[in-house]
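Position chain B against the provided structure of chain Y, taking the given hints into account.
For the protein sequence lines, the chains are Y and B, in the order given. Numbering of the first sequence is given in the numbering used here, commencing with residue 25 and proceeding in unit increments. Numbering of the second sequence is given in the numbering used here, commencing with residue 52 and proceeding in unit increments.
Be careful, since some hints might not be right.
[Stated by the list, open to error] Cβ pair distances, simulated, as ranges:
1) Y/325 to B/503: 34 to 44 Å
2) B/520 to Y/136: 17 to 27 Å
3) Y/511 to B/340: 38 to 48 Å
4) B/212 to Y/382: 54 to 64 Å
5) B/528 to Y/87: 18 to 28 Å
6) B/517 to Y/92: 32 to 42 Å
[Unchecked claim] Computed from the model, here is a short list of chain B residues facing chain Y with C-beta under 10 Å:
7) 442
8) 448
9) 452
10) 456
11) 472
12) 524
Everything labelled a hint here was simulated from the structure, so no lab data went into it. We treat Cβ as the ideally placed atom computed from N, Cα and C, and that holds for glycine.
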Amino acid sequence: MSAPDLMLLALVIPLIGAVTIVLFGKIPNLREAATLVTAVSLFAVALNLLPVVADGGRPDLNLIEVLPGLELRFTLEPLGMLFALIASGLWIVNSIYSIGYMRAKKESNQTRFYVCFALAIFGAMGVALAGNMFTLFICYEVLTITTYPLVTHAGTPEAMRSGRTYLGLLLGSSIGLQLAAIIGTWYLTGTLDFRDGGVFAGHVQGPVIGLLLFLYVYGIGKAALMPIHRWLPAAMVAPTPVSALLHAVAVVKAGVFTVLKVIVYLFGSDFLRESGYGDWLAYIAGATVLTASLIAMTKDNLKARLAYSTVSQLSYIILGAALFTPLGAIGGAMHIAMHALGKITLFFCAGAIYVASGKTQISDMHGIGRVMPFTLFAFFIGSLSVIGLPPMGGSWSKYFIAMGALESGQIVFVAVLMISSLLNIAYLLPIVARGFFSPPSDEIGSGNVAATKIKEAPLLCVAPLCLTAFGCIVLFFYADPLYRLLAPIGGG
Amino acid sequence: MISTHLPALQIILPLLAAPLCVILRNGTLTYWFAVVVAWLAFAVSALLLQEVNAIGVIAYKLGGWAPPWGIEYRIDLLNAYVLLIVSAIGALTVSYAKPSVDQEIGGDRGYLFYTAFLLCLAGLLGVTITGDAFNIFVFLEISSLSSYALIAMGRDRRALIASYRYLVFGTIGATFFLIGVGLLYQMTGTLNIADLGERVAAVGPNRTITVAFGFMAVGLAVKAALFPVHAWLPNAYAYAPSVATIFLAATATKVSIYVLIRTYFTIFHHDFSFGVMALGDIFMVFAVLAMLAGSAIAIFQTDIKRMLAYSSVAQIGYMVLGVSMATVLGLTGGMLHLFNHALIKGALFMAMGCVFYRTGSVSIESMRGLAARMPWTMAAFVAGGMSLIGVPLTVGFVSKWYLLLAAMEQNLWWILVFLIIASLMAIIYVWRVVEAAYFMPSSAGAPTDIQEAPMAMLVPMWVMVLANFYFGIDTKLSVGVATRAAKFLLGDAS
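If we strip away everything but chain Y, and leave its shape as in the complex, we get:
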């Protein structure tokens, strides 16, 4: 099968999956089997595409030309390959986890949940493979809309309110700003294609560059650059598997991925560095990294804390890209993968604790590690990766971003990274320490009858989180293939 055919397959498989899930809606076992089969085959397709891209191939699939010059077109390059692999790979793990979680919680509307999930993955695949900004924009919006029913899954007034924030901010920013930027790009350059080295050189100069960059980075609300990050904490009202895969991986990573694409393939890192009109971005990203970490420390709700941690970590990626150096871009791209594995582990753990004990507040989790040792140990590993300590994958991406900062001669960002790591330690590790070392609260304590009721979450919840935690360690030792895959985006 040729590479473009495989790409088409990568887009069609989630859609077929969605239809199959609807058909088997009344038979839960078959329905979940359909989800798993779809996820596995999608990942297999993505894996088959990997060698093509690693060898420098750029398979291209031109579906239709909607209007002169506006094509629905997909082109695969290293960044997209990485994103597609992460999204499809973690979808398998997350599906297993979802089954455990949703059944343990006896959630309603499960068919709608799985269908929307498959459609959201379709959107994420589209974003990953998009060959021009027009296609990317469409898939970006598909992702926004298909995740709305997942955010409001509970159907409570609070969920509806959060859902409105979610949709309002994401749609409003993408149509009000991103679309304006896309139209501006088209007007100025006559193309929306992603090209090595960008499309703006020779067409634009002066402050317009800065304005367009502003419209793009704030139009891509999914990247959660402050101050339009509010939708992400709001989205935490969703069931945990949604928070884990979508709001730690697919949706938010689609956002920073788009930022990377825009900087690397539309503007061109060199062009932005030389123009000097993009320098402010790194400062905003740096400020977001620190501010979001500080806010995270004040949150007692575990998922809210993780959400703000995500806001902070996403800005690492933007920071990496905004340094406009090869190493910075590679580090940023690598952080997409590293943070994905780390954060999904943390969310899985939060969900497992909730399933097993019903606890959502960190202050209630004294001694939880004594009854849920696997979960909390995985949480520990995930935390280390997010903090960026060896031997976890997260250390590599932070290393490359720091090297990028040095390369561009902006030492201040190295300091930002270091301070942020300290803040990460301050808001993540106490949870682990409290869980393992502080005496159990009455409820969990051995003297209480209720104590016997809290034990590890179902196997289908615990196994995935151990797997992703293990993945964090594996990525530390196998970071080299990742680096080689991503090297071309640095222009090297």
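Only chain B this time, still in chain Y's reference frame:
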């Protein structure tokens, strides 16, 4: 032999079929008769478009009387395109009509509806096809009078007042147009549009011509419901029978905009209209106000048909905006929106017709939880709504894209901003319905036995919905014809 008389057939078919409906009387019989006639009219207009595409302008002398004394039917790309829109919508609407008409008007009085419908269709087609300015007025009145009747058939008693109001407005509009035509006749001695075009230019811009210009501008703005003379439209659409709303919303104002284009590009040369008289500047301001005010008011409506009616006021703004730029791109965008908005509003009002058929109400309250009971209908509404917003791969995107290109071509950045704001407002008002239908439980007192609408309504509705996507992806027909028509009007041969 017949092919040479196609232009006459286009009008005579529905015009003669209308009184036959009264003779037939039987509801079911007249329904099928109207369906056949409407589809035949559609076939005729498709053939006409094909012919115009192949050989260029068709001039047909009615009764063999040579113009400028006799009435001439003159079909170029522009009106062939509008004919196709009107007849296609007419055919789809009447196919959809039966269950709704039987319920809302009553099977025994159904024949009156089909009679008025066919007369209205004949009137609208006549306005479009004719090459004679006075004849435009005559057909305008045929379509208007029959549409007053159509609206007044609404069950709600407020329909009578809405219809009366439309009658007052419509008469003023048509009279102003007629005054303009009269003044032009005084100056030139001709009523033939092509002839007028040459002679008005020859006479030169004296005061009489200028006054005629003004009267026609106001009259047509009223007929097209351009903000701020749109007041007749919301209630007329809201209280008319569902089927009448679908047809009128998708065609009546479009035809008025066609007349507007015809008047200011063919009768008055576009250099005069948009250069000397600066009509573009005036219309552009009102168009932008229409876009913003219409969308803003739509957000606060609780009756969804009224909401869509205000949305129509906004969409008319889009069309006039494109026309007011008087460039190839702008005119293309405006004409594309003529076509596209007909598909969009047709689909949306059809969905509302289905909802009304089953629930007896189109308030936002009655939409709550409806998606579970009427999945196909609400899915159609969502699809139509996406098109209204202008999501890529729908027709709404195509026309907005051209309007944006046109605005950028002239460096009208502020229009870009307003276009985007109006789209955002469209998201809000469409979303209110989606949220109620999909994410809210049905209200406590709501009937529990609501079913999906009958197939006879679903099929035409979904044809309309799919057309929204088909023409959003394959843009050759609509964009191609609109572009060539725009170039033709602006005398740009390239």
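Here's how the hints hold up against the structure:
Between residue 325 of chain Y and residue 503 of chain B the Cβ separation comes to about 42 Å, which falls inside the hinted range of 34 to 44 Å. At about 23 Å, the CB distance of residue 520 of chain B to residue 136 of chain Y agrees with the hint of 17 to 27 Å. The given range of 38 to 48 Å is broken by residue 511 of chain Y and residue 340 of chain B, whose C-beta atoms sit roughly 55 Å from each other. At roughly 60 Å, the beta-carbon separation of residue 212 of chain B and residue 382 of chain Y lies within the given 54 to 64 Å, and the hint holds.
Separated by about 19 Å at the C-beta atoms, residue 528 of chain B and residue 87 of chain Y satisfy the suggested range of 18 to 28 Å. The hint said 32 to 42 Å for the Cβ distance between residue 517 of chain B and residue 92 of chain Y, and at roughly 24 Å that hint is violated. Interface hint status for residue 442 of chain B: upheld, as the beta-carbon distance to the closest one in chain Y is roughly 7 Å, under 10 Å. Because the beta carbon of residue 448 of chain B sits about 8 Å from the nearest beta carbon in chain Y, less than 10 Å, this interface hint is met.
At about 6 Å, the closest approach between the beta carbon of residue 452 of chain B and any beta carbon in chain Y falls short of 10 Å, and the interface hint on this residue holds. About 8 Å separates the beta-carbon of residue 456 of chain B from the nearest beta-carbon of chain Y, less than 10 Å, and the hint is met. Given hint, residue 472 of chain B at the interface with chain Y, holds; its Cβ is 8 Å from that chain's nearest Cβ, closer than 10 Å. Hint on residue 524 of chain B holds. Least Cβ distance to chain Y is approximately 6 Å, under the 10 Å limit.
Hint compliance for this structure: hints 3 and 6 are not met, and every other hint is.
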